[in-house]
Amino acid sequence: MKLGILRAAPALAAFGACTIISTTAFAADAPIQGNIDAAREKISMCMGCHGIQGYRASYPEVYRVPKIGGQSAAYIESALRQYATGARSHPTMDAISRSLSDQDIADLAAYYASFK
Amino acid sequence: MKRTILALAGTVFAMAGHVAAAADLQAGRAAYERLNCASCHGADAKTSIDPSYPVLAGQYADYLRVAMRSYQRGQAGAPASSNVRTNPIMGAFAVQMSPEDIINISAWLESLPSDLKTVK
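Chains A and B, in that order, are what the protein sequence lines are. 1 is the number of the first residue of the first sequence in this note's numbering; add one for each residue after it. 1 is the number of the first residue of the second sequence in this note's numbering; add one for each residue after it.
Only chain A is shown next, with the shape it has when bound in the complex (with noise of 0.2 Å):
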């Protein structure tokens, strides 16, 4: 009996890997929904600047910062992923971008872009 198992020792390891690499192949292809509703409990690192109208950034240059109510989602997503990879330099919006998930960067594209 004992002898039995370890025989299929290495078909159960191939099944379990087999499992695994499915499990993962799925979710990654799994698209990644933006919730508007989990925003809501996400939004306080942006609305210090964005939700003030007005508000300028003040380093290291001084301008409004952008509206981003009613922006496309796309874009939204495009713009956190090059500050946090480095495509796109800012200070501030470097150290949050970085800090985001996935799922945080999909739910903020959606809530900001349901503004329209």
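It is worth saying that the hints were derived from the structure and are not from the lab. Every residue, glycine too, gets a C-beta built ideally from N, C-alpha and C. Wrong hints could be hidden among the right ones.
[Unchecked claim] Label pairs and their computed distance ranges (CB to CB):
hint, chain 1, residue 1, chain 2, residue 2, range
1, B, Ala30, A, Gln103, 42 to 52 Å
2, A, Asp94, B, Lys117, 18 to 28 Å
3, A, Arg40, B, Val95, 14 to 24 Å
4, B, Ala22, A, Asp37, 42 to 52 Å
Based on the hints, put chain B in the right spot on chain A.
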């Protein structure tokens, strides 16, 4: 008299400041067309050919100026510490813009209607 002179001087300074900052909306519209911005961002600057391209109509002009200068710095190979944006498409377009183009295009874009707004 002294007071009048001071007031006049103040007015002149205010006007000088205004003239220096004044942007030409019609020149902005012309530059937007000349540089083919509409080929991606749309003629109305809010109907882009790809959803990952931003709505520009109604956006703050000073933010747009900084964004375009950031693309210029990125294209020039400036270090990340100087607030760059590196993007092969926008970088190639941005380097064709003169400082006046950037001021005028930004002002014209801000004057256009759109759904962009500041929300909590």
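Hints and how they fare:
Taken as a hint, the range 42 to 52 Å holds for the pair Ala30/B and Gln103/A, whose Cβ atoms sit roughly 44 Å apart. Separation of Asp94/A from Lys117/B is about 25 Å and conforms to the stated range, judged on CB atoms against 18 to 28 Å. The hinted range of 14 to 24 Å is not satisfied by Arg40/A and Val95/B, whose Cβ atoms lie roughly 41 Å apart. The supplied range of 42 to 52 Å is met by Ala22/B and Asp37/A, whose beta-carbon atoms lie about 45 Å from each other.
Comparing the model with each numbered hint stated earlier shows that hint 3 is the single one that does not hold.
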